[in-house]
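Protein chains in written order, with the working numbering: chain A, 64 to 274; chain B, 1033 to 1318.
In short, the hints are calculated from the structure, not lab data. Incorrect hints may appear among the rest.
When the alpha-carbon atoms are kept at most 30 angstroms apart in a straight line, the in silico DSS-like pairs for lysine-lysine are as follows [as the list claims (entries may be wrong)]:
id	chain 1	residue 1	chain 2	residue 2
1	B	LYS1115	A	LYS208
2	B	LYS1268	A	LYS79
3	B	LYS1128	A	LYS126
4	B	LYS1268	B	LYS1296
Between beta-carbon pairs, the in silico distance windows are [to be verified]:
id	chain 1	residue 1	chain 2	residue 2	range
5	B	PHE1085	A	SER84	46 to 56 angstroms
6	A	GLY154	B	GLY1243	57 to 67 angstroms
7	B	ARG1302	A	TYR212	29 to 39 angstroms
8	B	GLU1225	A	MET124	28 to 38 angstroms
9	A	ILE211	B	GLY1315	21 to 31 angstroms
Ideal placement from N, C-alpha and C gives every residue a C-beta, glycine not left out.
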Amino acid sequence: MSMVWNLVHMDFMKFKSLQRSQFFYMLIIVVLALIGPDFSLFSVVLLLYMMTYTIPSYDDMYKADYLTGTLPASRRQIVLSKYVFNLFGIGMGAMLLVVENLLYTTPMYGSREFDVVPVVCLFVLMALLFLSISLPLVLILGATKSRIYILLLYMGACAGALPLMNSLQVDTGILESVMRYPVLLVGVGLVLLAMSYGFAQKFYQQKEFLD
Amino acid sequence: MHAIECNHVTKRFDRFSLHIPKLCVEEGYVTGFVGENGAGKTTTIKLIMDMIFADEGQIRVFGLDSHTDAETIKQDIGYVGEKSGYLEIASLQEIKKMTAPFYKNWDESFYRKMIQRFSLDEQKKYAKLSRGMQKQFQLSLSLAHHPKLILMDEPTANLDPIVRGDIIDLLYEQMQQEGVSIFFSTHIISDLEKIADRLVFLHKGEILLQGDKDDIMTSHRIVRGDHRLLFPEVEKYLFHIEKSSFGFTAMTDRFDAVFDLLGKEAVYDRPTLEDIFVSRIKGERK
């Protein structure tokens, strides 16, 4: 397990080293958060994007496979560490969301009511879904090659979801009733992540560092 | 026990394939792995490091399987490649903090000595270092866990002669003091003349020649003589024969046999390793 923590620590060190590019993102996150509740989720998604994509993008640029491939860590540990690191990212995102929503309960934002559990759970579900799709792709193809596939997947999902919603005449009431079972939401997300993890492990074992 | 042992290893790509029937890297020696660009040196090293997988055959490092025991093996390997894989916008100190925890035998004082020896500023970003300093830093990190085997993939490529000399000197010291095994791939053959004990010549994915450096140097000679000396019995010991109006020049790996046949009628010169390597590639034994 210590090798997994070493790898997670390495990713946190990389995250810290990328201060200049992170500063720009952080600035956007803060601005979005301060604008108000409508942009709150965007800011958290951006944080997640930073954690999922920024490091793999730099890893691609500097051929980090040449380092990870020579470290005394197994491929299984490398995959596990990426999932653990990104779960930390979800945790940080959830905390940011809580802080933002607490901010919105102040008179400056109209003293909105805030029920923490459903908001955080919905975010966690979205984040787990996002990671479940993007992490295996990033691990297997690298950040540069996978970016286009992920973009296409999300475009496809958005394009497909609207007509589906219309044809089924689904109204937002369903969403509200689903939000009554927040633990279920997280459970669904975790099942997806577990499936994604199994898939990533299987394919990463066969990955060859050719470039 | 061999430091590295490859048995009937084959790796196929679309336009290239590597085939190594037998390759042994002796423990406690420097083995030079020589080949032109694209000969398959990096592929071989990646196979040893389990970064790619062999289609056939087996690789053992200190008696352990390079694939199933990769994690254990890598604790004892110091790798210096043409590409480091470091986050280049990180400082040297940060890169060290990222990599050091992985090694059980990490020796901080040894690392400090290396940093001082090469006058490296740890606060500097890796990308801001010269190529030579980057390589020196890479070497410092790779040696600080006292590896039993140092794997080097073109470590001296694109470096000036002074830095190349520093690296060679350090490797020589390591071998003398710690008895490490070194597997050193390069196309700069002059580097190997200084430190290699054994040599492996690779060409188009096939091993052309391997053996003790001194034996290779002793058995090979450049032979020069008149055309009339080129009778079939002599030619069978010669390769890379070049004929001109003045006579012929050729390489032999059977100096004793050629000398028995031609005696002092021919002229014999000691070749450099580069001469031998080039002749081996260009010449076909008749």
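Status of each hint after checking the structure:
1. A distance of roughly 20 angstroms separates the Cα atoms of LYS1115/B and LYS208/A; the hinted pair therefore holds under the 30 angstroms criterion.
2. Between LYS1268/B and LYS79/A the CA atoms are separated by roughly 65 angstroms; this puts the pair beyond 30 angstroms, and the hint is violated.
3. Restraint check: the Cα-Cα separation between LYS1128/B and LYS126/A comes to about 17 angstroms, which is no more than 30 angstroms; the hinted pair holds.
4. Between the alpha carbons of LYS1268/B and LYS1296/B the distance comes to roughly 19 angstroms, so the proposed pair stays at or under 30 angstroms and holds.
5. In this structure the hint that PHE1085/B and SER84/A lie 46 to 56 angstroms apart at CB is violated, the actual value being about 35 angstroms.
6. The hinted range of 57 to 67 angstroms is satisfied by GLY154/A and GLY1243/B, whose Cβ atoms lie roughly 59 angstroms apart.
7. Our hint of 29 to 39 angstroms for ARG1302/B and TYR212/A is violated, since their Cβ atoms are close to 59 angstroms apart.
8. In this structure, GLU1225/B and MET124/A meet the distance hint of 28 to 38 angstroms, their C-beta atoms being roughly 37 angstroms apart.
9. Evaluation of the 21 to 31 angstroms hint for ILE211/A and GLY1315/B yields a failure: the beta carbon distance comes to about 49 angstroms.
Going through the hint list in order, the structure does not satisfy hints 2, 5, 7, 9.
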